[in-house]
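If you want the building blocks of each chain, they are given just below.
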Amino acid sequence: MKTMKPLLRTLFIPTMLFLGACACCEETVVAPPPPPPPAIVLPGLGDVFYDFDRSELRADAVEQLKTNANWIQANTTHNVIIEGHCDERGTSEYNLALGERRANSAKDYIVNLGVAPTRLKTVSFGEEKPFADGHNEEAWAQNRRAHFVAE
Amino acid sequence: MVQLFKRVVPGIIVLLFCLVVFPLTLSAAEAGEYIAIRKEGSGNIALVLDKLDANGKKESRFAQSLDTIMHDGLDFTKIFSLISPPLNVKDFSDKKNPVINFGALTSVGAEVYAGGSLTRKSGMINLDMKVYDASGSKLLLSKTYTGREEGLRSIGHAFCADLVELLTGKKSVFGSKIVFISNRTGFKEIYECDFDGFGVEPLTNLKSISMNPALSPDGKHLAFISFAPGRPTLCIKNLADGKIASVSKSGVSIDPGWRSNSEVAATLSLEGNQEIYLVNTDGSLSKRVTNNKSIDISPTFSPDGTKMAFVSSRNGLPQIFIQDIQSGLVKRLTFSGRYNTQPSWSPLGDKIAYTTWEKNGEINIFVINADGSGLMQLTQKSRENKSPSFSPDGEMIVYTSNRQGKEKVYVMSSKGGNERLLLQGDDVQTQPSWSLFR
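So the protein sequences, as listed, match chains C and R.
Letter by letter, the first sequence follows residues 2 to 152 in our numbering.
Letter by letter, the second sequence follows residues 1075 to 1512 in our numbering.
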């Protein structure tokens, strides 16, 4: 064990230097990391996503909304806020309106599944709080969403 | 009352001093005649703005500052071609009464000559200005402007305002304000600056997201959207006492636009659907204006308040519509472009500016006559240009552009051209709105 220590040390120092150098290089080239994800991700409350300039529910949103409705009905101590979000394109006033319609379409579906409307609040953030930072369709698709937050 | 004015128009006190002036020597007939001649030929007015005469060290320093203030102010309007005064513009053989050499002025192509002198008495500045028609050597204006030493900008701009009004027959932008959003503190707060970007001051400190500031026509109230209550809420701030009234009912509020000093319109989703309502300055509801299942946002009114242009998605993608407030009759205004938003009605009443999000990804500013004719594109090949708002004289448009990276406040002529950055800085600036007062 004693003979291993100097060996480890000799390996450790260059390794750290190498890693440090890499980190430096990365910082100069790559854009700053995206903001940390929301602190608590509740397993039963997932986001649903929307097509460009649309507030109608997509087919793939339905399963997630059923899951969300089940979670809300099982967790009666929590009320839920549904946030409508948009991608950065277009103009901010229109996106604020579109975001509200996205939140409302998700709310309406969940209410139809039997959740009391008094337990649901909607809000729009328009394009003000994007989840993904990029300026491409991959990021935009993630940002066109209804986000569920338990109170 | 004084406190109110201090908040609404910093420097108005100085302006009040400036109002203690000698009457114009110009007769209305002469001014009318001059404006009539100007209208014949288009283009800028060739102006020689002479250096101010001043005796004494301090006086000379103030005179130099005023020279720059007046030069920059007149240059900002883009109404003038400013010609450097020829060396022999004044004959000083009689030191007390220098004579203007009109021959020298016409030889450099000047149409108008403006010059004067500065004197100082117990901390007050007196600016004596004279304006001549260079070709006819006729005196067009003779006026004394008085103000405090700290208020040189107000003194100089009071003359600039008179000169523009004298030569164009229209009120100028001098004295007007621009409100806008900046993220310089890390939050989106509202700021105010002079028409030329000078003297940026914060108007909110809500440490949240603020959007779409708009000053009432008299400048007494500021309407805006704030996320501070947890959802976008219409706020109306009384600038005299700083109190904020908000529409505290449920739902989301979007993009206010003033109809008069007492009524502001905004989109509210009170009854589940987004509709435009008229709201009183105390936050109480006055009237519902739209009734349609689609998105209805961004009201902007004709100067007489009888008609409202707004954005609606009632035909699918967003377009600009005009609604008659009395009859409720709605007419579609824009047919070109698939995504038209952000209308702004000119204070002159004839034109509406708006933005089109184009297929190539650019957002560009257009103007169209209120009757749907005369569509004109003002910006192009400069990425995203947003949030147009007319100056009170209708001659300029303030807007934002990200042509150089971050979104910044710009101004241009309302006929297009003379596009320039208004505000320096490292911040992101959005949603500028020009005051109607000046």
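There could be a bad hint or two in this list.
Keeping only pairs whose Cα atoms sit at most 25 angstroms apart, straight-line, the calculated DSS-like set for lysine-lysine is [claimed, not checked]:
{"id": "1", "chain 1": "R", "residue 1": "Lys1281", "chain 2": "C", "residue 2": "Lys122"}
{"id": "2", "chain 1": "R", "residue 1": "Lys1212", "chain 2": "R", "residue 2": "Lys1244"}
{"id": "3", "chain 1": "R", "residue 1": "Lys1367", "chain 2": "C", "residue 2": "Lys122"}
{"id": "4", "chain 1": "R", "residue 1": "Lys1480", "chain 2": "R", "residue 2": "Lys1381"}
{"id": "5", "chain 1": "R", "residue 1": "Lys1433", "chain 2": "R", "residue 2": "Lys1361"}
{"id": "6", "chain 1": "R", "residue 1": "Lys1131", "chain 2": "R", "residue 2": "Lys1152"}
{"id": "7", "chain 1": "R", "residue 1": "Lys1125", "chain 2": "C", "residue 2": "Lys130"}
{"id": "8", "chain 1": "R", "residue 1": "Lys1425", "chain 2": "R", "residue 2": "Lys1245"}
{"id": "9", "chain 1": "R", "residue 1": "Lys1480", "chain 2": "R", "residue 2": "Lys1455"}
{"id": "10", "chain 1": "R", "residue 1": "Lys1164", "chain 2": "R", "residue 2": "Lys1294"}
{"id": "11", "chain 1": "R", "residue 1": "Lys1405", "chain 2": "R", "residue 2": "Lys1455"}
{"id": "12", "chain 1": "R", "residue 1": "Lys1323", "chain 2": "C", "residue 2": "Lys108"}
{"id": "13", "chain 1": "R", "residue 1": "Lys1281", "chain 2": "C", "residue 2": "Lys130"}
{"id": "14", "chain 1": "C", "residue 1": "Lys122", "chain 2": "R", "residue 2": "Lys1323"}
{"id": "15", "chain 1": "R", "residue 1": "Lys1244", "chain 2": "R", "residue 2": "Lys1381"}
{"id": "16", "chain 1": "R", "residue 1": "Lys1323", "chain 2": "C", "residue 2": "Lys130"}
{"id": "17", "chain 1": "R", "residue 1": "Lys1244", "chain 2": "R", "residue 2": "Lys1152"}
{"id": "18", "chain 1": "R", "residue 1": "Lys1294", "chain 2": "R", "residue 2": "Lys1245"}
{"id": "19", "chain 1": "R", "residue 1": "Lys1152", "chain 2": "R", "residue 2": "Lys1169"}
{"id": "20", "chain 1": "R", "residue 1": "Lys1132", "chain 2": "R", "residue 2": "Lys1195"}
{"id": "21", "chain 1": "R", "residue 1": "Lys1195", "chain 2": "R", "residue 2": "Lys1244"}
{"id": "22", "chain 1": "R", "residue 1": "Lys1367", "chain 2": "R", "residue 2": "Lys1317"}
{"id": "23", "chain 1": "R", "residue 1": "Lys1204", "chain 2": "R", "residue 2": "Lys1169"}
{"id": "24", "chain 1": "C", "residue 1": "Lys108", "chain 2": "R", "residue 2": "Lys1367"}
Note that these hints are calculated values from the structure, not bench results.
Status of the hints after comparison with the structure:
1. R:Lys1281 x C:Lys122: The given pair, whose Cα atoms are some 23 angstroms apart, holds under the 25 angstroms limit.
2. R:Lys1212 x R:Lys1244: This hinted pair holds, its Cα atoms lying about 21 angstroms apart.
3. R:Lys1367 x C:Lys122: Holds, at about 20 angstroms.
4. R:Lys1480 x R:Lys1381: violated, 35 angstroms
5. R:Lys1433 x R:Lys1361: Distance of about 37 angstroms is beyond 25 angstroms: violated.
6. R:Lys1131 x R:Lys1152: violated, 32 angstroms
7. R:Lys1125 x C:Lys130: violated, 53 angstroms
8. R:Lys1425 x R:Lys1245: holds, 18 angstroms
9. R:Lys1480 x R:Lys1455: It holds: about 16 angstroms lies between the C-alpha atoms, which stays within 25 angstroms.
10. R:Lys1164 x R:Lys1294: Status violated; Cα separation ~46 angstroms.
11. R:Lys1405 x R:Lys1455: violated, 31 angstroms
12. R:Lys1323 x C:Lys108: Satisfied, since the Cα-Cα distance of roughly 19 angstroms is no more than 25 angstroms.
13. R:Lys1281 x C:Lys130: At roughly 15 angstroms apart (the allowed maximum being 25 angstroms), Lys130 of chain C and Lys1281 of chain R satisfy the hint.
14. C:Lys122 x R:Lys1323: The hint holds at about 13 angstroms.
15. R:Lys1244 x R:Lys1381: Distance of about 24 angstroms is within 25 angstroms: holds.
16. R:Lys1323 x C:Lys130: holds, 23 angstroms
17. R:Lys1244 x R:Lys1152: Holds, because 14 angstroms separates the two Cα atoms, which is no more than 25 angstroms.
18. R:Lys1294 x R:Lys1245: Distance of about 21 angstroms is within 25 angstroms: holds.
19. R:Lys1152 x R:Lys1169: Given that 25 angstroms is the threshold and the Cα spacing comes to 35 angstroms, the pair is violated.
20. R:Lys1132 x R:Lys1195: holds, 12 angstroms
21. R:Lys1195 x R:Lys1244: violated, 33 angstroms
22. R:Lys1367 x R:Lys1317: violated, 34 angstroms
23. R:Lys1204 x R:Lys1169: holds, 17 angstroms
24. C:Lys108 x R:Lys1367: Roughly 17 angstroms separates the two Cα atoms, so the pair holds.
Against the hints set out earlier in the document, violations occur for numbers 4, 5, 6, 7, 10, 11, 19, 21, 22.
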